[in-house]
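Enquirer: Here is how the chains run, residue by residue.
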Amino acid sequence: MTTRFDRRSVLKMGGGLLAASALTPLPAFAQSKSINYWHTFTSQSEAAGLEAVLNLFKAANPDISVTPENIPNPEFMAKITAAVVGDARPSVTMVASERFEDLLAMGALVDMTDRIAAWERRGDFDDKRFAAITSEGRTYGVPGFTFVDWGYYRKDWFDEAGLAPPTTYDEFREAAIKLTDPSKGRYGFGLRGGPGGQNFIVNVIEAFGSPVKKEDGSIGLDRDIVVEALDWYSGLLVKDKAVPPSAANDGFQQMISGFQTGQTAMIWHHTGSYQDIASKLEPGVEFGTFAMPAGPVNRVARLAYAYNCITKEQDADAAWEWIKFWGEPDAAVAFLEKTGYFPASSVAAADDRIAGNPMYKAASDTLGFGIPQPSFPGAAGWAEGTVLPALQQILIGQATPEQAADQIMEGLAQAIE
Amino acid sequence: MSRGPSITAMPPPRNMWDAINPVRLLGELSETRYWMYLLLLPSALLITAIVLFPTVYGFQLSFTEMRLNRPAGNGAFVGLKHYARMLSDPIFWVSLRNTAVWVTASIVIEFGVGLIAALALNRNLPGTKVLAVLILIPYFLPNVVAGNMWALMLDARVGVINDLLVKLGFLAEYKAWFADPNTAMAAAIFIEAWHSFPFFTLLIMAGLKGIPADLYKAADIDGAGPFAQLRLITLPMLRTIIAAAVILRVIGLVNSPDLLLILTQGGPGRSTQVLSLYAFQNAYKDFNFGYAGALSVVMFVLLMLFAWAYIRLSKVNQD
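Keeping their order, the protein sequence lines are chains A and B. The opening residue of the first sequence carries number 1 in this note's numbering; numbering runs sequentially from there. The opening residue of the second sequence carries number 418 in this note's numbering; numbering runs sequentially from there.
Hints are computed from structural coordinates only; laboratory data are not their basis. The structure displayed is predicted, hence computed values, not measured ones. Just so you know, even glycine gets a beta-carbon here, dropped at the ideal spot from N, CA and C. Check before you lean on any hint, since a few could be wrong.
As the list claims (entries may be wrong) - Some chain A residues close to chain B (C-beta under 7 Å, calculated; not the full set): (1) A78; (2) A118; (3) G381.
Claimed, not checked - To list a few chain B residues with every Cβ distance to chain A over 12 Å, as calculated: (4) V473; (5) R484; (6) A501; (7) A517; (8) L553; (9) V561; (10) A573; (11) L585; (12) A603; (13) D631; (14) F644; (15) L652; (16) V663; (17) L678; (18) Q690; (19) A726.
Just chain A, with the same shape it has in the complex:
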């Protein structure tokens, strides 16, 4: 037997079901003890580090549930911008220091000054650690960990060639040239000319004597110095041929794999890649670490911080519990052991598990002279959208250092106008 449904009976049933659904009890939503955390961790070691911190946090705060959400670095600004504009903000966001000014300007961050002032572990952190997340006396985040710029070198190759780790740009260049042997597929330096390489170019410019942001807060560059710096840096490939020919497109993965697979003798990065490299090469035997060498005028090594910031008022209390937990020595050391990222807390950094490890000496030394990344609204976009392509153009023979310097100067003027 078949039952025929006419339009009226379907409408009646639909209306009835709709009315019935309104009478069903609404699910009881667990309120506000559940937060989400946007981060940019991508590698396996970073994921393991985050998991270690999450497990410790869960044990200490069983009533707060943290949902981590990975936002790949290249997409981060697009996603957070859309989240802020669309008011779909995460509870807590990991903010790299160079992104602070842009995010603050777009109103993405919640003022945490009072919470931080009342925090029992505030004294564990040097005041300088908060400088890059403070604007007009208000502080918007707590440093979760530190990116300490340093270099990795093939200790076995250096020993074989009778070289010591470089301490100046001249020594660095000399070693890079000496260790280059194209017949063996070896190059002295794995220059990162692809995505993410922009900050090292700015570092070299500053090391040659032209800081982007002056002490008085003004922003600008000295063209002659920029030309000189670009000439030196690009010259490692263009003149000295001490860099793999793929440099103009080499991002993080290419640079790291080049070092791991024995293509390059030195790379510049930060402490965060330590575990990745140690997973393929033996620390202290096959590779070592060195503090960033001094340039002709300045020694520039960045101390950049990954800040944890409240980005949604609604979940602020639970978010604050999660954020301050990163300052606990046990959490900081657990994270370091999995990733190599340095603690931002001075108490945690003095822990024997860190201070007693000779491989971390270069990073500990850098804490003494390292400086933060220049930060101003538009800085990140300028570095990525102008500085990097300008260097690439020299590397591929499409521009001279002078032409690239002009692009960089013009781009900076546009960024700050």
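Take the given structure of chain A and dock chain B to it, following the hints.
Expert: What follows is chain B alone, placed relative to chain A:
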């Protein structure tokens, strides 16, 4: 044949509740000519919300100052400032030229390979069903997956393609395809074509099924060879489908920067910088939504002009 009266007479309400019963009222409405508009309303609202409003807002943005990291001047009307800046912006012109190369080369290769694949698969030989599935696989891969997969295969250190080319004697040493401005765009176009040619295959295959076999039989009798049949029967009969496919792919290629974002980010230098990527970078790296809006409007206008010209030139409307 008459379908009878379109509006059925409704029985009068039996009581007060019946007069205001929403289900009954809806039932009554369903028998009027307004019912059609009511059914169209949700989709019309949806299109307004997610297509029309953003488009109009994008146009409006292009005439305003909107830099998210400069909140002070935001929202101010700046007239044609962004468009004037475009005229003297060398990156815009490089991007425009690269967009033309990127779209033209990709379409030509995708159409050519797609047509050959469709003609081959249409012969219904043993194994063509399996081959059809295999050929369509690249199209089902997300751009992110396809991009990362090819980036690894073409890697200058560990890439399997480099390894094969060296072993076969085509290359003396591994090549950094994306670091050389002479090969970066070509490599990206190759990957794009590999990824998207099945779109043409799929549509052309559907079109081929609709061509009467009698036409080919008659052509055979008249002595027309395979190429003459292709030129005089197949391609003209597929004209509408080809026009639709080309327009859709051109729109996709002009608007989607994702593959280039993964492979090159516009580099090295500006050698793979295209308009969509430049607009994306202006919006999400520089937070300059005003200028990005103006770039998007230019892309929109170019696409409209292309679609209009293409439809006119291909004479699709005359069918």
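Enquirer: Does each hint hold? Answer for all of them.
Expert: Tested hints:
Checking A78 of chain A against chain B by beta carbon gives a least distance of about 4 Å; that is within 7 Å, so the hint holds. Hint status for A118 of chain A relative to chain B: violated, with the closest Cβ pair at about 29 Å, above 7 Å. At a threshold of 7 Å, the smallest CB-CB gap from G381 of chain A to chain B is about 4 Å, leaving the interface hint in force. With a least CB separation of 17 Å from chain A, V473 of chain B remains clear of the 12 Å interface cut-off, as annotated.
Chain A draws R484 of chain B into its interface by the beta-carbon criterion, the shortest separation being 8 Å against a cut-off of 12 Å. The Cβ of A501 of chain B lies farther than 12 Å from every Cβ of chain A, with a closest approach of about 14 Å, so its non-interface assignment holds. Its beta-carbon lying about 19 Å from the closest one in chain A, A517 of chain B satisfies the requirement of being farther than 12 Å from that chain. Listed as outside the interface, L553 of chain B is consistent with that label: its C-beta sits roughly 28 Å from the nearest C-beta of chain A, beyond the 12 Å cut-off.
Annotated as non-interface, V561 of chain B brings its C-beta within 12 Å of a C-beta of chain A; the closest such distance is 9 Å. Listed as a non-interface residue, A573 of chain B fails to keep its Cβ farther than 12 Å from every Cβ of chain A; the least gap is roughly 4 Å. Listed as a non-interface residue, L585 of chain B keeps its Cβ farther than 12 Å from every Cβ of chain A; the least gap is roughly 19 Å. With 12 Å as the threshold on Cβ separation, the claim that A603 of chain B sits away from chain A holds: the shortest Cβ distance comes to roughly 14 Å.
The beta carbon of D631 of chain B sits about 42 Å from the closest Cβ of chain A, which is more than 12 Å, so the claim that it is off the interface holds. Every CB of chain A lies more than 12 Å from the CB of F644 of chain B, the least distance being 42 Å, so the non-interface label holds. Every C-beta of chain A lies more than 12 Å from that of L652 of chain B, the closest at about 40 Å, which supports listing it as non-interface. Look at V663 of chain B: its CB is around 30 Å from the nearest CB on chain A, clear of 12 Å, so calling it non-interface holds up.
Taking the minimum C-beta to C-beta distance to chain A, about 7 Å, the non-interface status of L678 of chain B is violated against the 12 Å cut. Look at Q690 of chain B: its CB is around 8 Å from the nearest CB on chain A, not clear of 12 Å, so calling it non-interface is violated. With a closest Cβ-Cβ approach of about 33 Å to chain A, A726 of chain B is found to remain outside the 12 Å limit, as its non-interface label requires.
Violated hints for the displayed structure, listed by number in ascending order: 2, 5, 9, 10, 17, 18.
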